[in-house]
Amino acid sequence: MSDLFRTIRRNAPRYVPLLLMLAIFVLLISGCTTDTPQNTFAPEGEVARKQRDLFYLAMWPAIGVMILVLGGIVLMCLRFRERDPNSRPPKQIEGNTRLELTWTIAPAILLLIVGVPMVAMIWDLGRSPDANAYVIDVDAQRYSFSFSYPDIKDPSGQPLFLPAEPHIPTGRQVAFRLHSADVIHSFWIPRLGGKLDVVPNEDNVLWLVADKPDTFHGECAEYCGLDHATMKMIVHADSPEDFQKWVDEQQAQLNATPKPTPVRSATPAATPSPVAASASPAPTPTATPQATGG
Amino acid sequence: MATIAAPRTSPLAESLRNARQAAEHNPILSWFATVDHKRIGVLYGVSAFIFFCIGGCEALLMRAQLAGPNANVLTNDEFNRLFTMHGTTMVFLVVMPLSNAFFNLMVPLMIGSRDVAFPRLNAFSYWTFIAGALFLNASFFTRNIFSGDLGAPDGGWFGYAPLNLRAYTPGHGMDFWMLGIQILGIASLAGGFNFIVTILNMRAPGMTLFRMPVFIWMTLVTSFLIIFAMPVIAVALFELTFDRLFGANFFNPAAGANPLLWQHMFWLFGHPEVYILILPAFGIVSEILPVFARKPLFGYPFVVFSGIAIGFMSWGVWVHHMYTTGLGTVANSAFGISTILIAVPTGVKIFNWMGTLWGGSIRFKAPMMFAIGTVAMFTIGGLSGVLHSMVPSDYQQQDTYFVVAHFHYVLFGGAIFALFAGIYYWFPKFTGKFLNERLGHINFWLMLIGFNLTFFPMHISGLLGMPRRIYTYPSDYGWNLWNLLSSIGAFTIALSVLIFIINFLWSIRKGKPASADPWDGRTLEWTIPSPPPHYNFAEIPIVHSRDDFWHRKYQEDAQGNVVPVLAGAAHAPTLSGGDGHGADHDDHGGHGIHLPSPSFMPLIAALGFPFIATGLIYDYALVPVGVTLLVVGFYGWALEPAAEEEA
Amino acid sequence: MAVGSAHLETSTGIDNRKLAMWLFLGSECLFFGSLIAAYLLYRGHSLTGPYPEDLVDIPFTSVSAFILLMSSVSMVLALASIQKGNVRNMQIWLATTAILGAMFIAGQAYEFTEFHHEGLSLSANLYGTTFFVLTGFHGAHVTIGVLILLSLLTYSFRGGIQKQDSLKIELAGLYWHFVDIVWIIIFTLVYLIQPQ
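As you go down the protein sequences, you meet chains A, B and C in turn. Heads up: the first sequence begins at 33 in the numbering used here, then just goes up one per residue. Heads up: the second sequence begins at 799 in the numbering used here, then just goes up one per residue. Heads up: the third sequence begins at 354 in the numbering used here, then just goes up one per residue.
Same shape as in the complex, but just chain A:
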């Protein structure tokens, strides 16, 4: 072993680039703690937090394995460097079955262990929204998201329509029913949770929870054409009281001026197409009664 360290010391200058890279990596990792609008390391809701925790659960072992393997490679390169070009070839080792079986089976078991919390979380986050979830219909079209509130209706029965900047209540599930008017988009508010695609003919539902009042940035995460890059949204999370106040304001406004609100896009949310119904084998609730709460 001491021989090994001597080798490393002697060769250190030759590996300055490697060490430099390592330093850069550390610097990079430390950059993740910043508080930026779409930082997935700074969750502000149940879904995003669970997803980050699962990521950590896999990330730390992965970084450990990375350091072991890369470090092992570097050490072997130092230790087993040929010193004399005329030296005899080393012992010709063909393999070691027991060792190889170990490094086949051990990672398989380790990975399956990590798989358990993963599957558990798929089912946890994949469950239908609670009965008291607040439902908002999201219409994605190139290149914007717009929002309708089925619980806030004008006198003619049209739901409240917001072309941008929706409000949501905190501390409670918000079920976004996703409808596409044209191509596939993806609905993503990083600090509240992972994304779900907005697929034509298939009305996916994504539920998220915001912990405390804040303003959240989100954007389309599936390439959808020319201005995909600017298909963004800002979501305002209000405390239950503030949210109720906002709802009342909107309701009062609708009652006062019964102007015709723009009709939601052509996608028939109420009549799921036979394709969508049959092609999604899993319980993706499509406008089911239990999803329309609050």
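It should be emphasised that the hints constitute simulated quantities derived from the structure, not laboratory data. Given the structure is predicted, the values throughout are model-derived calculations rather than measurements. Be a bit skeptical, because a hint or two may be false.
Here are some of the chain A residues that sit facing chain B, going by a computed Cβ distance under 7 Å [what the hints assert, rightly or not]:
(1) Trp92
(2) Val101
(3) Pro121
(4) Glu132
(5) Thr136
(6) Ala138
(7) Leu143
(8) Lys227
(9) Leu228
(10) Ala253
(11) Glu254
(12) Glu281
Facing chain B, a subset of chain A residues (Cβ under 8 Å, in silico) [claimed, not checked]:
(13) Arg120
(14) Ile184
(15) Val231
Where a beta carbon is used, it is the ideal one built from N, C-alpha and C, also for glycine.
Fit chains B and C to the known structure of chain A by using the hints.
Below, chains B and C without anything else, positioned relative to chain A:
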């Protein structure tokens, strides 16, 4: 059908024969008619490298635009077209054909054969590839490029439905894309059939399957993946063709279609495709590490079987590209587990490569540097792949720069590094000269640093919420620094490639001369002269063990030390006479070895495809022209004699 | 295509061309598999008519399926003839196979025309899209098969096919039987089993 020998000579056959003979001796024409696997390999390699530079320039333009927030180097339209072409080019025009170049160059030499099973099919594969590649890139000119309008496809290399329909991507870019990939698929299929038959059927005596070099095994697995994956994308592209050009409804939501059909088909092809890109690289690394560690590959059977396991498992993981499409908990759980498990055979390979280094006597030549770089970088890519397999956390990473980082570690850090390793390793075999070692080291270190500088920060920008495929970003999202680093890294990579080009051009003329066996190799290609004669093996070798050539050179003495076999005793045993190519005579110096004649027919047939494709887009009148070329090519191919009669 | 490979030992003992043909057919399985999968996915999901039950004429298609099946029998007989060295009989059976194949194509052309008159087009609905593309690709395969058979027939009239060349007939036969089997699957899934 292409095997019919002309029963009698007609004047037409006579003149065709004269033309072919003339072509054989013309320095330029001979390249168009060649059926020699080594020359086709060179054609494949050089073409793919040119496309590597083109695809790289596309990347540099994008990195220039993304170097800072709110930049104005490119417009949204240009950016979208460039990333579509960058992805398509790197997958179909660079990594696949560059791997194919090595299949062509190395497979016959490593299994002890004089050629591939179907030399003209091989030429057809190349010409179809180049026809498809040029056709695809011609799309740039379908709008007025001189006034700054790129006409290239703009639907992404994955071409998701329904964005790929005319309603959403008008213009001809996507037409060129779908037909271009269709043509390239034909080229890949032709190569796939050819290499499977060659490997299974044309091995030298004694070269049993489990004596084959690992590179040959990986070629075999890759070829099987190609012949089973390509038809799937072919059908998807045909369906898209019917939708775009003839008003069919495969992907039209208004007619009730399910847009996810495209994704299922694309990724059912696309995931095996990932392994089509990386398995040849695994093969190359598995050849280089033992030679420069001077030690056999650790656990050959495990490396081979893990490669086969990857081949099978690659068919059961495609939904991990679709976690966020809402397929439901059952599908996501099942594919999450299968994706986790595919890391096992991949990990086995990495551990076995490390086992090969352990106890070795490592020579740090340029090929070895790149090979070790491959192992290290692929490890990082593999681990971030495991992170991706964690379905719920992948909801956050899907379609972010974290994914971009992951697959560049796999496909650049894995495949491209290994392909560079292969170039440095086998260059002496085909030119009789070494690539410059000093420049090689500079090339390697610059590329390693540039590569990590480009792609490691992308992990961070992805986790900070930066989606892929955006041409601009605001300045207050915390992405600025990471993007700047990535852009600096990208230009560093470009510099290292430039150094490689200089090295290549200089070495090909003035490089240090290389002997037949310059690296103290272990496999059959090092038993023949550098560069190899056109008939490869004057006498077909007889193989007695894995790493046969090594065992001819070294043996263990009584103390268990590895010592050279006494000079003179190392003469290779060979098989005279029957050699897989019909040489009936003693063949010293290659006299009497019948080799297939050059032929223009593969080129003529391949030319038919771009005519048909252009005709479908612009004017049906061109379609019959293309069909005629195909028919003439195939019938000529079938009727011309494959080799000249002994004069 | 490999020079003189027919006379030489290969590592597996299987002729290069035959091995390649089997691989090609394996690849084709995935091709038709994908087309059939798309058909099944969209079965019964057309939003507008015409629907299959309005169009499909099972007795007619049964006859053309029977014709195609019979062509496989004549293909077997053609191969058996040349393996015995009987060029004359081989020519007769090859011609029979080609004619039966051509009759099948004619039947398909008639069927397509009829369906088109009834209002089913490529763009009419999902049924039209998947039906025409699936059966059309099969028809294209049969057409190419007929062309191969006719080419071999012409070639044999010039004396190009003798007993030792039976592999050429065998390869054409492999392809022909494959296309035939695919039709049995398509006939079952597209015609016989109708969505409720």
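Hey, does the proline 121 (chain A) contact hint survive, CB to chain B under 7 Å? At about 4 Å, which falls below the 7 Å cut-off, the nearest Cβ of chain B leaves the hint on proline 121 (chain A) intact, so it holds.
Tell me if arginine 120 (chain A) is really an interface residue toward chain B, meaning its C-beta lies closer than 8 Å to one of theirs. The hint holds - arginine 120 (chain A) has a Cβ within 8 Å of chain B, the shortest such distance being about 6 Å.
Hint validity - threonine 136 (chain A) Cβ closer than 7 Å to any chain B Cβ: Status holds, d = 5 Å.
Does the interface hint hold: is alanine 138 (chain A) within less than 7 Å of chain B, judged Cβ to Cβ? Status violated, d = 9 Å.
Does alanine 253 (chain A) meet its interface restraint, that is, does its C-beta lie within less than 7 Å of any C-beta in chain B? holds (5 Å)
Given hint glutamate 254 (chain A) near chain B, where the shortest CB pair must fall under 7 Å: With a minimum Cβ separation of about 6 Å from chain B (threshold 7 Å), the hint on glutamate 254 (chain A) holds.
Should the interface hint for lysine 227 (chain A) be scored as holding, given a Cβ-Cβ cut-off of 7 Å against chain B? Where the cut-off is 7 Å and the nearest Cβ of chain B is about 5 Å from lysine 227 (chain A), the hint holds.
Should the interface hint for leucine 143 (chain A) be scored as holding, given a Cβ-Cβ cut-off of 7 Å against chain B? holds (5 Å)
Any CB of chain B closer than 7 Å to the CB of tryptophan 92 (chain A)? At about 11 Å, which exceeds the 7 Å cut-off, the nearest Cβ of chain B leaves the hint on tryptophan 92 (chain A) violated.
Does glutamate 281 (chain A) meet its interface restraint, that is, does its C-beta lie within less than 7 Å of any C-beta in chain B? Glutamate 281 (chain A) check fails; min Cβ-Cβ to chain B is 30 Å, beyond 7 Å.
Tell me if the interface restraint on valine 101 (chain A) is satisfied: Cβ within less than 7 Å of some Cβ in chain B. holds (5 Å)
Please check whether leucine 228 (chain A) passes as an interface residue: C-beta within 7 Å of a C-beta belonging to chain B. Constraint on leucine 228 (chain A) satisfied, holds at 6 Å.
Hint check: violations occur at hints 1, 6, 12 and 14; the rest are consistent with the structure.
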